[in-house]
Amino acid sequence: MSYLSRAWRAAAPWRNLRPFSSASGPTAKKSVPYQKTLQEEGPGSGEPTRPPPASAQVVVVGGGSLGCQTTYHLAKLGVSGVVLLERDRLTSGTTWHTAGLLWQLRPSDVEVELLAHTRDVVSRDLPAETGLHTGWVENGGLFIASNKQRLDEYKRLMSLGKVYGVESHVLTPSQTKDLYPLMNIDDLYGTLYVPKDGTMDPAGTCSTLARAATARGATIIENCPVTGIQVRTDDFGVKRVHAVETAHGTIQTPCVVNCAGVWARALGRLAGVHVPLVGMHHAYVVTERIEGIQNMPNVRDHDASVYLRLQGDALSVGGYESNPIFWEEVSDKFAFGLFDLDWDVFMQHIEGAVNRVPVLEKTGIKSTVCGPESFTADHKPLMGEAPEVRGFFLGCGFNSAGMMLGGGCGRELAHWIIHGRPEKDMYGYDIRQRAMSWGAHPDVAMSLPSRRFHHSLTDNNRWIRERSHESYAKNYSVVFPHDEPLAGRNVRKDPLHEELLRQGCVFQERHGWERPGWFSPGGAAPV
Numbered sequence: 030m031s032y033l034s035r036a037w038r039a040a041a042p043w044r045n046l047r048p049f050s051s052a053s054g055p056t057a058k059k060s061v062p063y064q065k066t067l068q069e070e071g072p073g074s075g076e077p078t079r080p081p082p083a084s085a086q087v088v089v090v091g092g093g094s095l096g097c098q099t100t101y102h103l104a105k106l107g108v109s110g111v112v113l114l115e116r117d118r119l120t121s122g123t124t125w126h127t128a129g130l131l132w133q134l135r136p137s138d139v140e141v142e143l144l145a146h147t148r149d150v151v152s153r154d155l156p157a158e159t160g161l162h163t164g165w166v167e168n169g170g171l172f173i174a175s176n177k178q179r180l181d182e183y184k185r186l187m188s189l190g191k192v193y194g195v196e197s198h199v200l201t202p203s204q205t206k207d208l209y210p211l212m213n214i215d216d217l218y219g220t221l222y223v224p225k226d227g228t229m230d231p232a233g234t235c236s237t238l239a240r241a242a243t244a245r246g247a248t249i250i251e252n253c254p255v256t257g258i259q260v261r262t263d264d265f266g267v268k269r270v271h272a273v274e275t276a277h278g279t280i281q282t283p284c285v286v287n288c289a290g291v292w293a294r295a296l297g298r299l300a301g302v303h304v305p306l307v308g309m310h311h312a313y314v315v316t317e318r319i320e321g322i323q324n325m326p327n328v329r330d331h332d333a334s335v336y337l338r339l340q341g342d343a344l345s346v347g348g349y350e351s352n353p354i355f356w357e358e359v360s361d362k363f364a365f366g367l368f369d370l371d372w373d374v375f376m377q378h379i380e381g382a383v384n385r386v387p388v389l390e391k392t393g394i395k396s397t398v399c400g401p402e403s404f405t406a407d408h409k410p411l412m413g414e415a416p417e418v419r420g421f422f423l424g425c426g427f428n429s430a431g432m433m434l435g436g437g438c439g440r441e442l443a444h445w446i447i448h449g450r451p452e453k454d455m456y457g458y459d460i461r462q463r464a465m466s467w468g469a470h471p472d473v474a475m476s477l478p479s480r481r482f483h484h485s486l487t488d489n490n491r492w493i494r495e496r497s498h499e500s501y502a503k504n505y506s507v508v509f510p511h512d513e514p515l516a517g518r519n520v521r522k523d524p525l526h527e528e529l530l531r532q533g534c535v536f537q538e539r540h541g542w543e544r545p546g547w548f549s550p551g552g553a554a555p556v
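Note that the sequence shown covers residues 30 to 556 in my numbering.
Bear in mind the hints are in silico, worked out from the structure with no lab data behind them.
Where a beta carbon is used, it is the ideal one built from N, C-alpha and C, also for glycine.
You may find that some hints are simply not true.
Said to hold, decoys possible - Capping the alpha-carbon separation at 35 angstroms, the derived lysine-lysine pairs in DSBU-like fashion look like this:
id, residue 1, residue 2
1, K191, K453
2, K191, K206
3, K177, K206
4, K184, K225
5, K391, K206
6, K409, K503
7, K191, K105
8, K522, K268
As the list claims (entries may be wrong) - Here are the computed distance ranges between Cβ atoms for each label pair:
id, residue 1, residue 2, range
9, P550, K206, 30 to 40 angstroms
10, R491, S109, 42 to 52 angstroms
11, P82, P524, 48 to 58 angstroms
The whole structure should be built from the sequences, with the hints applied where relevant.
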């Protein structure tokens, strides 16, 4: 057990402060106002930054990463009447405290393309259009493998990356030590190095997106909370968005984009739309200065479920714990607040970080950040037009990947709104998962049955919580094809389920249904 672990268990005051050693106040160095807490202060009050217009072609709700990216891409594609509404200030809620990591390699080819576009937007397009620096830092990324199985996964990622022009290299432990001298390589099997990975600055990125969007005619209104969404039924019995009600006036519009993050579920209810996501506590800590850490790549140690993000001459340490904490009551009075960090939950990341970079054992913590993030049952974002209401689009539930997927998904969502379908195959993200990605006309696709989440599940809080909890805990697990969930099972069973089970049937799950997969002669344990 590390020194940190022993010290943390022995020093009770650290449970209320920070473990690595000692430091000044945890929020003193930040330029954003998150010394406010949920109990002390809610959203900004007062008048909106400008009066809401009487009408708009598209109203985007939520001024975080996805809201700003979608607004920017809509304006860039020529939509003149785009209005972004933010109830507090841009980045409030979740985006402002995100770590901002961008890894270019993911198991999905579509996601590799989405990530590439985000990188192009923040590193090339926005600086060229505005003359401003978004805060992009290209310091590279390093994936850690402690066993052959994990390294094989990285080799598959490298092969996929080659198709899309993503430079990456498999390194031996000794080569890894040369690249990252502070790293412990005793338990390494190998690593995957991606030189052009990096980090984004949430505030810098969103403010630059806002400037570029307004230069193209978009309207951004802060301090303007949405209070209602008017839905009308047309002559054919189809429900359609009619208007957005705010605390400062009503905007007539045929299209609303729900980019409200953790609050997307509440916004959906205003239109009669089920948004199956949950809010959870997600945390990281920022260390004091570390000699020799400058210019090191970001590190993702999947087997230890921890990441190390370079932050100047310090590191941010975070990850995905196996026992995450739900945000039980999502408050509309929460803007730039933070939760108290639960060290019992977070300690596994400290131990993993110290094992990987031993110098952290004697390094202090400068600040702790524990804020809300939204997670979904299948660990994929919720995008596309809602099945319940025409003109109500989703761009939420990004499972703590909203910054790095934001550029690509913002562009696809803009195409979705304008043309009725995205440019890329977004089937895995589509809330409907109908025939849209297969080329069907939007009106035809809307008539087809929904397949991603059965209607009996989208408002089943227990099922959503159980599955979201599992997807959070398995975020860094090796990705296997046809992997079956263990949580949220036996929700929907057919009349032959018990008989098939007695015959040794191994069940698979789809849309909540337990369906026969294969038979095991020796019998199979029930899920």
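The hints, checked one at a time:
1. Note on K191 and K453: the hinted pairing holds, with a Cα-Cα distance of about 19 angstroms set against a maximum of 35 angstroms.
2. This hinted pair checks out: K191 and K206 have alpha carbons roughly 25 angstroms apart, not beyond 35 angstroms.
3. Proposed proximity of K177 and K206 is supported: the alpha carbons are some 19 angstroms apart, at most 35 angstroms.
4. Under the criterion of a C-alpha separation no larger than 35 angstroms, the hint pairing K184 with K225 is consistent with the structure, at around 17 angstroms.
5. Between the alpha carbons of K391 and K206 the distance comes to roughly 20 angstroms, so the proposed pair stays at or under 35 angstroms and holds.
6. Taking the CA atoms of K409 and K503, the gap is about 13 angstroms. The hint holds against a cut of 35 angstroms.
7. The suggested pairing of K191 with K105 holds, with an alpha-carbon distance near 29 angstroms, which does not exceed 35 angstroms.
8. Between the alpha carbons of K522 and K268 the distance comes to roughly 32 angstroms, so the proposed pair stays at or under 35 angstroms and holds.
9. Taken as a hint, the range 30 to 40 angstroms is violated for the pair P550 and K206, whose Cβ atoms sit roughly 49 angstroms apart.
10. Range check, R491 to S109: Cβ separation about 45 angstroms, and the 42 to 52 angstroms hint holds.
11. Evaluation of the 48 to 58 angstroms hint for P82 and P524 yields a pass: the beta carbon distance comes to about 56 angstroms.
The structure fails hint 9 only (numbered hints given earlier).
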